[in-house]
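Just so you know, the sequences run in chain order A and B. For the first sequence, full-length UniProt numbering puts the final residue at 351, and the numbers step up evenly by one. For the second sequence, full-length UniProt numbering puts the final residue at 351, and the numbers step up evenly by one.
Simulated from the structure, these hints should not be mistaken for lab results. Hints should not be assumed to be uniformly reliable.
[As the list claims (entries may be wrong)] Footprint (simulated), chain B over chain A, 3 or more residues, beta carbon under 8 Å:
no., stretch
1, 36–43
2, 62–75
3, 83–89
4, 229–239
5, 328–342
[Unchecked claim] In silico SDA-like cross-links for lysine to any residue, where the CA-CA straight-line distance does not exceed 25 Å:
no., chain 1, residue 1, chain 2, residue 2
6, A, 106, A, 32
7, B, 248, A, 237
8, A, 241, B, 125
9, A, 248, A, 130
10, A, 339, B, 190
11, B, 272, A, 326
12, B, 248, A, 246
13, B, 295, B, 32
14, A, 339, B, 37
15, A, 3, A, 170
16, A, 175, A, 139
17, B, 248, A, 156
18, B, 106, B, 70
19, B, 64, B, 32
20, B, 248, A, 250
21, A, 272, B, 79
22, A, 32, B, 272
23, A, 339, A, 326
24, A, 241, B, 313
25, B, 110, B, 143
26, B, 312, B, 130
27, B, 339, A, 156
28, A, 28, B, 343
29, B, 313, B, 295
30, A, 193, A, 245
31, B, 272, A, 219
32, B, 32, B, 125
33, A, 248, B, 248
34, A, 339, B, 43
35, B, 110, B, 127
36, B, 193, A, 238
37, A, 339, B, 343
38, A, 248, B, 295
39, A, 241, B, 193
Cβ coordinates follow ideal geometry from the N, Cα and C atoms, glycine included.
Listed below are the residues making up each chain.
Number of protein chains: 2
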Amino acid sequence: MKKRIGVIGTGNWGTTLAKMIANNVTKKNASKYFDKTVVLWGIEEKYEGELLSSVINLQHINKKYLDGVELPHNIFCTSDISKFTDIDIVVVALPHQFIGTMESFKNVIKNNCIAVSVIKGFIDHPNGSITLISSYLKDLLGCRISVLMGANIATEVARGTISEGTLGYNDEDSKEILYYMLNSYSYRVTCVKDIPGVELVGSLKNVVALGCGLVEGLGYSGNTKVAIMRNGIIEIRRFLKFFYPESKDETIFQSCGIADLIVSCLEGRNYKFGVMKGKEDMSLEDFEESIGGQKIQGTGTAEAIFNFLVFKKRTTDFPLFVNTYMIFVENSEPSEILKCISTDSLKDVFD
Amino acid sequence: MKKRIGVIGTGNWGTTLAKMIANNVTKKNASKYFDKTVVLWGIEEKYEGELLSSVINLQHINKKYLDGVELPHNIFCTSDISKFTDIDIVVVALPHQFIGTMESFKNVIKNNCIAVSVIKGFIDHPNGSITLISSYLKDLLGCRISVLMGANIATEVARGTISEGTLGYNDEDSKEILYYMLNSYSYRVTCVKDIPGVELVGSLKNVVALGCGLVEGLGYSGNTKVAIMRNGIIEIRRFLKFFYPESKDETIFQSCGIADLIVSCLEGRNYKFGVMKGKEDMSLEDFEESIGGQKIQGTGTAEAIFNFLVFKKRTTDFPLFVNTYMIFVENSEPSEILKCISTDSLKDVFD
Numbered sequence: 001m002k003k004r005i006g007v008i009g010t011g012n013w014g015t016t017l018a019k020m021i022a023n024n025v026t027k028k029n030a031s032k033y034f035d036k037t038v039v040l041w042g043i044e045e046k047y048e049g050e051l052l053s054s055v056i057n058l059q060h061i062n063k064k065y066l067d068g069v070e071l072p073h074n075i076f077c078t079s080d081i082s083k084f085t086d087i088d089i090v091v092v093a094l095p096h097q098f099i100g101t102m103e104s105f106k107n108v109i110k111n112n113c114i115a116v117s118v119i120k121g122f123i124d125h126p127n128g129s130i131t132l133i134s135s136y137l138k139d140l141l142g143c144r145i146s147v148l149m150g151a152n153i154a155t156e157v158a159r160g161t162i163s164e165g166t167l168g169y170n171d172e173d174s175k176e177i178l179y180y181m182l183n184s185y186s187y188r189v190t191c192v193k194d195i196p197g198v199e200l201v202g203s204l205k206n207v208v209a210l211g212c213g214l215v216e217g218l219g220y221s222g223n224t225k226v227a228i229m230r231n232g233i234i235e236i237r238r239f240l241k242f243f244y245p246e247s248k249d250e251t252i253f254q255s256c257g258i259a260d261l262i263v264s265c266l267e268g269r270n271y272k273f274g275v276m277k278g279k280e281d282m283s284l285e286d287f288e289e290s291i292g293g294q295k296i297q298g299t300g301t302a303e304a305i306f307n308f309l310v311f312k313k314r315t316t317d318f319p320l321f322v323n324t325y326m327i328f329v330e331n332s333e334p335s336e337i338l339k340c341i342s343t344d345s346l347k348d349v350f351d
Numbered sequence: 001m002k003k004r005i006g007v008i009g010t011g012n013w014g015t016t017l018a019k020m021i022a023n024n025v026t027k028k029n030a031s032k033y034f035d036k037t038v039v040l041w042g043i044e045e046k047y048e049g050e051l052l053s054s055v056i057n058l059q060h061i062n063k064k065y066l067d068g069v070e071l072p073h074n075i076f077c078t079s080d081i082s083k084f085t086d087i088d089i090v091v092v093a094l095p096h097q098f099i100g101t102m103e104s105f106k107n108v109i110k111n112n113c114i115a116v117s118v119i120k121g122f123i124d125h126p127n128g129s130i131t132l133i134s135s136y137l138k139d140l141l142g143c144r145i146s147v148l149m150g151a152n153i154a155t156e157v158a159r160g161t162i163s164e165g166t167l168g169y170n171d172e173d174s175k176e177i178l179y180y181m182l183n184s185y186s187y188r189v190t191c192v193k194d195i196p197g198v199e200l201v202g203s204l205k206n207v208v209a210l211g212c213g214l215v216e217g218l219g220y221s222g223n224t225k226v227a228i229m230r231n232g233i234i235e236i237r238r239f240l241k242f243f244y245p246e247s248k249d250e251t252i253f254q255s256c257g258i259a260d261l262i263v264s265c266l267e268g269r270n271y272k273f274g275v276m277k278g279k280e281d282m283s284l285e286d287f288e289e290s291i292g293g294q295k296i297q298g299t300g301t302a303e304a305i306f307n308f309l310v311f312k313k314r315t316t317d318f319p320l321f322v323n324t325y326m327i328f329v330e331n332s333e334p335s336e337i338l339k340c341i342s343t344d345s346l347k348d349v350f351d
């Protein structure tokens, strides 16, 4: 029973995952587990007058979102949802704001499918509560769900640099087959039975990255940046402990935890926006335009987390999350971020 | 009973600490706790024909080790050990290789003195066992000991950027007075009752920084660097758990833990040596010459840790520490470092 694999999303991470998987399934001995073709679904869009899916299928390159990286020829790109009716393993790699697109897959994807989400963030509701993307997908598709997160700057992974990833799973079948599908010498996967832990650290770190970029943009140096990272890690752990007590504290030490946080705070898009905000008070719209229309998730996450903390009456326990929201969404004074560092020792003893 | 404070060591960190403390003790209300003069001891050495101590006392600048930073006028620099006979609080900030100098202070420093060490590393013995610097100083001076570590690039702290530090203490008296002496708006101190934890993380991270620089020098990107950092953190925790079970796992989340590790892996001297080793196989001697004769501790620490792990028969549990030693001291192939990342998932399933 060879598993047929489909990847949803032709952005840089979706394309990179399709490439990694397409390489893995053509390896010696993989053919008894996996069908050789990896189906890559993307919304119908054009690149220089041609359909992006045609560019990918004929030129084996995603010129729009992953230029310069040659793709294996066993990737078949399509905008036709019906191609997913016989898919056994689905990788959901849509940008967060297009999660609604999954509604179209609801009646297409089989119930016994194994799904893995790489989407950072969660769905927020008017009352302040939040739903993990993994829970939303599980309910929507009616299938088993896992999540894949990690210290993965997509372009670097695509170029084959050695990277680590963390698979958060709930059932052993999913764990085994997804590990086979994803792990390789250059992409080293660790499996953790803790979906909310893996998923939430990956989302929350975007808020920390905004703050980290901000202090750099304001002219502060390495010591201050790592202080923001450290205080961010502390708030992430506190968040999990308070609101997802079933998650495991050890997950913070996985690639999806500290490693993802560090790399995002050094070179991720949210960090870069933070720098521009600190330097010249650049708006989110201008920043997104400056990076070719790509979307960043940190500000949306910061707002959802703020509303959630208000809903849970816990704002005072999360000064970095709250201040980052106030600065990036409510336009508070950027230097307020410095009040989130070691708040216990802020009181000056003598002055 | 005003405490008289002495700092031993006129290197960049010793001078920076003297500056921070000299600023703190002149603050309103500090005068009931501390004598206003901070005595700074350094070995007799010359800078452009003049005694360095004279340059510091007359020009209020340490031109040799902390150029460009104005020092408070209440620092009194001397090479006379007898000036420490009436010191109540001593900050030991000698470079690790000059620790033997403390023998000269043995009969000078009072037994009821409070000492705080900022020296990274430990003393290694021919049989492979190690002694923490804090234990060595406690026994040598016969006084109470604490340690101060953290994400502190000295020059940045000296320039007043916002930084965090971790004080590892054992007795409440030391904790209180040292916190008063060190904490300020720009240097935010957290106190942890865990001397070995605070002290060892600060030493071991230098080994990780070597490895982190090495992968960068070899041409690997951010994902790989944070993978080294993450695996390093895991080995540091394992080291403490195995050999110093009295230490606290929470200490890793202090500034002396993850934050110090990150900043050292991004801009510290050991990281920089790692880069040069990876790029052009530069020797330790050439590197130290290239940074004006400053010493780096990572290679010595790597060797001592390797010998210690051999002594404890635990080398297989610490692949990153062991491989870093093999590469930097025994001249193994640098790419061996890549075998230390996620060793559990290194086995490729299909090839």
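Quick rundown of the hints versus the structure:
1. Counting residues of the stretch 36–43 of chain A whose beta carbon lies closer than 8 Å to any beta carbon of chain B gives 0, which falls short of the minimum of three for the stated coverage.
2. Counting residues of the stretch 62–75 of chain A whose beta carbon lies closer than 8 Å to any beta carbon of chain B gives 0, which falls short of the minimum of three for the stated coverage.
3. Beta-carbon proximity to chain B at under 8 Å applies to 0 residues in the stretch 83–89 of chain A; the threshold of 3 is not reached and the given coverage is violated.
4. Coverage of the stretch 229–239 of chain A by chain B holds. Counting CB-CB distances below 8 Å, 5 residues qualify, and the rule asks for three or more.
5. Remark: the stretch 328–342 of chain A is confirmed as covered by chain B, as 3 of its residues place a Cβ nearer than 8 Å to a Cβ of that chain, reaching the required three.
6. With a C-alpha separation of about 28 Å, the suggested pairing of residue 106 of chain A with residue 32 of chain A is violated against the 25 Å cut-off.
7. Between residue 248 of chain B and residue 237 of chain A the CA atoms are separated by roughly 17 Å; this keeps the pair inside 25 Å, and the hint holds.
8. Using a Cα cut-off of 25 Å, the hinted pair residue 241 of chain A and residue 125 of chain B is violated, with the two alpha carbons roughly 43 Å apart.
9. With a C-alpha separation of about 19 Å, the suggested pair residue 248 of chain A and residue 130 of chain A falls inside the 25 Å cut-off, and the hint holds.
10. This hinted pair checks out: residue 339 of chain A and residue 190 of chain B have alpha carbons roughly 15 Å apart, not beyond 25 Å.
11. A C-alpha spacing of about 37 Å is found between residue 272 of chain B and residue 326 of chain A, which places the hinted pair above 25 Å, so the restraint is violated.
12. About 23 Å separates the Cα atoms of residue 248 of chain B and residue 246 of chain A, which keeps this hinted pair within 25 Å; it holds.
13. This hinted pair does not check out: residue 295 of chain B and residue 32 of chain B have alpha carbons roughly 39 Å apart, beyond 25 Å.
14. A threshold of 25 Å between alpha carbons decides the hint, and for residue 339 of chain A with residue 37 of chain B the separation of about 31 Å lies outside it, so the pair is violated.
15. Taking the CA atoms of residue 3 of chain A and residue 170 of chain A, the gap is near 19 Å; set against the 25 Å cutoff, the hint holds.
16. The suggested pairing of residue 175 of chain A with residue 139 of chain A holds, with an alpha-carbon distance near 19 Å, which does not exceed 25 Å.
17. Simply put, residue 248 of chain B and residue 156 of chain A have alpha-carbon atoms about 36 Å apart, too far for the 25 Å limit, and the pair is violated.
18. For the suggested pair residue 106 of chain B and residue 70 of chain B, the alpha carbons sit about 32 Å apart, so the restraint of at most 25 Å is broken.
19. For the suggested pair residue 64 of chain B and residue 32 of chain B, the alpha carbons sit about 34 Å apart, so the restraint of at most 25 Å is broken.
20. With a C-alpha separation of about 15 Å, the suggested pairing of residue 248 of chain B with residue 250 of chain A holds against the 25 Å cut-off.
21. Between the alpha carbons of residue 272 of chain A and residue 79 of chain B the distance comes to roughly 48 Å, so the proposed pair goes past 25 Å and is violated.
22. Between residue 32 of chain A and residue 272 of chain B the alpha-carbon distance is near 47 Å, which puts this suggested pair outside the 25 Å criterion.
23. Between residue 339 of chain A and residue 326 of chain A the alpha-carbon distance is near 13 Å, which keeps this suggested pair within the 25 Å criterion.
24. Our distance criterion of 25 Å between C-alpha atoms is broken by residue 241 of chain A and residue 313 of chain B, whose separation comes to about 37 Å.
25. Of the supplied pair hints, the one linking residue 110 of chain B and residue 143 of chain B holds, its CA atoms being roughly 8 Å apart against a limit of 25 Å.
26. With a C-alpha separation of about 11 Å, the suggested pairing of residue 312 of chain B with residue 130 of chain B holds against the 25 Å cut-off.
27. Our distance criterion of 25 Å between C-alpha atoms is met by residue 339 of chain B and residue 156 of chain A, whose separation comes to about 19 Å.
28. For the suggested pair residue 28 of chain A and residue 343 of chain B, the alpha carbons sit about 22 Å apart, so the restraint of at most 25 Å is met.
29. Between residue 313 of chain B and residue 295 of chain B the CA atoms are separated by roughly 30 Å; this puts the pair beyond 25 Å, and the hint is violated.
30. Taken as a hint, the residue 193 of chain A and residue 245 of chain A pair is honoured in the structure, with Cα atoms around 14 Å apart against an allowance of 25 Å.
31. Proposed proximity of residue 272 of chain B and residue 219 of chain A is supported: the alpha carbons are some 23 Å apart, at most 25 Å.
32. In summary, the hint linking residue 32 of chain B to residue 125 of chain B is not supported, as the alpha carbons are separated by about 44 Å, beyond the 25 Å threshold.
33. For the suggested pair residue 248 of chain A and residue 248 of chain B, the alpha carbons sit about 18 Å apart, so the restraint of at most 25 Å is met.
34. Distance restraint check for residue 339 of chain A and residue 43 of chain B: the Cα-Cα separation of roughly 40 Å exceeds the 25 Å cut-off, and the hinted pair is therefore not satisfied.
35. Of the pairs offered as hints, the one joining residue 110 of chain B and residue 127 of chain B is violated, with about 33 Å between alpha carbons and a cut-off of 25 Å exceeded.
36. Of the pairs offered as hints, the one joining residue 193 of chain B and residue 238 of chain A holds, with about 21 Å between alpha carbons and a cut-off of 25 Å not exceeded.
37. With a C-alpha separation of about 40 Å, the suggested pair residue 339 of chain A and residue 343 of chain B falls outside the 25 Å cut-off, and the hint is violated.
38. Straight-line distance between C-alpha atoms of residue 248 of chain A and residue 295 of chain B comes to about 41 Å, which puts the hinted pair past the 25 Å bound.
39. Of the pairs offered as hints, the one joining residue 241 of chain A and residue 193 of chain B holds, with about 23 Å between alpha carbons and a cut-off of 25 Å not exceeded.
The earlier numbered hints that this structure contradicts are 1, 2, 3, 6, 8, 11, 13, 14, 17, 18, 19, 21, 22, 24, 29, 32, 34, 35, 37, 38.
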